[in-house]
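K.L.:
Please put together the full structure from these sequences, using the hints given.
Protein chains in written order, with the working numbering: chain A, 8 to 314; chain B, 321 to 576.
With a cut-off of at most 30 Å between alpha-carbon atoms, the simulated DSSO-like pairs for lysine-lysine come out as follows:
hint, chain 1, residue 1, chain 2, residue 2
1, A, Lys9, B, Lys322
2, B, Lys520, A, Lys74
3, A, Lys75, B, Lys520
4, B, Lys544, A, Lys260
5, A, Lys69, B, Lys544
6, A, Lys75, B, Lys544
7, A, Lys53, A, Lys312
8, A, Lys45, A, Lys92
9, B, Lys568, A, Lys10
10, A, Lys160, A, Lys92
11, B, Lys326, A, Lys10
Heads up, incomplete: computed chain A residues facing chain B, CB under 10 Å, no partners named:
hint, residue
12, Pro94
13, Tyr96
14, Leu257
Derived from the structure by calculation, the hints contain no laboratory data. Yeah, the Cβ is synthetic: ideal placement off N, Cα and C, and Gly gets one too.
Below are the chains, spelled out letter by letter.
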Amino acid sequence: MKKYSYILWLLIGIGLIALLFVSQPRLIDSHTIDLINKSRRLDFEKHWPGFKPDIYPVEVYKRNFLKKDSAVRYDGKELYEINNKTPIYALSMDVDPDGQAKLLAVNARDFRSLSDVGNYDGSSADLYYQAVIIHEAFHCFQSDQGFYELFEKQMSVYENSTVITTSRKLDNDPEYQKLWVNEMNSLIDYAKEENEQNYRAYVECYRQRLDYLYENFDTEDIDEYLTYSALYEKAEGTAKYIENIALSELSGKELKFSTTGYSEGTSKFYESGFFKAYIINRIEGLDWKTDFFKTNKTFEDYLLKAK
Amino acid sequence: MKALIKLHLKENLKGRSFILFGILGGLVSLILLTGGLIIVENNPTEEAISQLGTQWKLLSIISGFAAVTVSMGTIERHLKEKRAELLALHGLAFDRQLFSLAIGNSLVSMMLSAILTLVFVLIIIIDQAPTNLLGFTAAFISYLLSTGIVALIVSTLNMFLPGIVVAVLGVFLVIIGSFHQVIQGMLLNNGQLAGRILAKIMDFIPPLDVFNRLTRSLFFLEFKDGRDLIVFLIFIWLTLTVVFLASKGVSRREKI
Numbered sequence: 008m009k010k011y012s013y014i015l016w017l018l019i020g021i022g023l024i025a026l027l028f029v030s031q032p033r034l035i036d037s038h039t040i041d042l043i044n045k046s047r048r049l050d051f052e053k054h055w056p057g058f059k060p061d062i063y064p065v066e067v068y069k070r071n072f073l074k075k076d077s078a079v080r081y082d083g084k085e086l087y088e089i090n091n092k093t094p095i096y097a098l099s100m101d102v103d104p105d106g107q108a109k110l111l112a113v114n115a116r117d118f119r120s121l122s123d124v125g126n127y128d129g130s131s132a133d134l135y136y137q138a139v140i141i142h143e144a145f146h147c148f149q150s151d152q153g154f155y156e157l158f159e160k161q162m163s164v165y166e167n168s169t170v171i172t173t174s175r176k177l178d179n180d181p182e183y184q185k186l187w188v189n190e191m192n193s194l195i196d197y198a199k200e201e202n203e204q205n206y207r208a209y210v211e212c213y214r215q216r217l218d219y220l221y222e223n224f225d226t227e228d229i230d231e232y233l234t235y236s237a238l239y240e241k242a243e244g245t246a247k248y249i250e251n252i253a254l255s256e257l258s259g260k261e262l263k264f265s266t267t268g269y270s271e272g273t274s275k276f277y278e279s280g281f282f283k284a285y286i287i288n289r290i291e292g293l294d295w296k297t298d299f300f301k302t303n304k305t306f307e308d309y310l311l312k313a314k
Numbered sequence: 321m322k323a324l325i326k327l328h329l330k331e332n333l334k335g336r337s338f339i340l341f342g343i344l345g346g347l348v349s350l351i352l353l354t355g356g357l358i359i360v361e362n363n364p365t366e367e368a369i370s371q372l373g374t375q376w377k378l379l380s381i382i383s384g385f386a387a388v389t390v391s392m393g394t395i396e397r398h399l400k401e402k403r404a405e406l407l408a409l410h411g412l413a414f415d416r417q418l419f420s421l422a423i424g425n426s427l428v429s430m431m432l433s434a435i436l437t438l439v440f441v442l443i444i445i446i447d448q449a450p451t452n453l454l455g456f457t458a459a460f461i462s463y464l465l466s467t468g469i470v471a472l473i474v475s476t477l478n479m480f481l482p483g484i485v486v487a488v489l490g491v492f493l494v495i496i497g498s499f500h501q502v503i504q505g506m507l508l509n510n511g512q513l514a515g516r517i518l519a520k521i522m523d524f525i526p527p528l529d530v531f532n533r534l535t536r537s538l539f540f541l542e543f544k545d546g547r548d549l550i551v552f553l554i555f556i557w558l559t560l561t562v563v564f565l566a567s568k569g570v571s572r573r574e575k576i
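P.N.:
Rendered as structure tokens:
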């Protein structure tokens, strides 16, 4: 009797492990493919003319149990595994040697695991996944406009400059943080309600921040820092703007404007760039999107002339 | 065997620790209810779901620590006591004693985890959370079993290692397990060979965060991912098997 119960226990284990292997998708799970397809089908022509998310292939990281991980490429039609190179585990974009911009992604299950601290339900995690796919697809679009090359080139220049030191100094400066948050709050007010008073309040906050920078730091360093932050805002702020529009359309909820305060490093530029892109986009009759990535124009070039 | 489990439960279920865990769980639930929401801009999740989900996550972490506290030194103490020999003389084989103690630890941990959720359950009832009795029961069982797994692993470690070392390893197990997928993601993202190897090794550490996701998906009646359930069942099976084999191994070594 005891012997039989041991055999039964062993069989249960073997059965469960077999079930795990059987339930493992051959390439990518159908749920991830479904979400990628849904996001690729979104139409952004009215939000950013020329941006078509479905023209960029997606490479999804495939985790293999007990063997080397690989990448699975999907172009909307074909799905195939790439085994001859080390896959990158990220939600990002990259450019193939032949110049084709592509998205790098993890599957929807992994994405939920990475972004969830208990505060997401399954359907919201799926919406967020689709929005992030759109965010990265927009970086591919920026690349097609020649902006990615410029961005990479500039960033490699900044690696050897004083901009990182300046950035760290500002991240540890409480007065600067206060001025930054004030400016963000004024942008939020202006985004929520377009009127002369809110516009003036924003311009005043912006001027105060600039005055503080030039009064307390070396002019050359600040010029460089402002160019650096404007470039980051341009790259990430516009992508965040498109991501939030996608999230709003997918969830059927209105765009929200809020700030979590001052964040160190470059993450604050996603937020500031999103507010600015939204406000500029509201200006009637202004065509700012056609050449935004092809010129060195910043958000301020449009914002400060808004009235 | 059943008698030893009952005795172990009787010895460990003291009123004071129950009250303490009841208060601790209540405090966590109330603090999160009054402003512990983790805000992410444009997160489409309903606020109530975010709040309840975060509570499940935190309670599962605390219950993991409770399991470590309950289980960290019991086997070591039993090995040093005369009772082990006496029980063996009375016909309860040494391996079965160890197995019973591990199961006993797991049951005590589950009871403490249940106490932790008392205030949370009240909130669920009063606030009319988006669930039903079946969903809540399934979620609650998976939550308790996750704690049970931690207690079983800590008990097994205590068969070979001193209590203090087991306590440290147990805390690591809970922390790493609760953020298993994020840590694994970070290791894979760094692109180094060592990172990729470590990420593979992590496949064998119980992913408590995946178990917690299973709990939440059952609770919010959105259970779709069968793989989470399969992984959960495999770890239960694997842990029980390891406890059984370790008990056998240790009893041979001790030759009682």
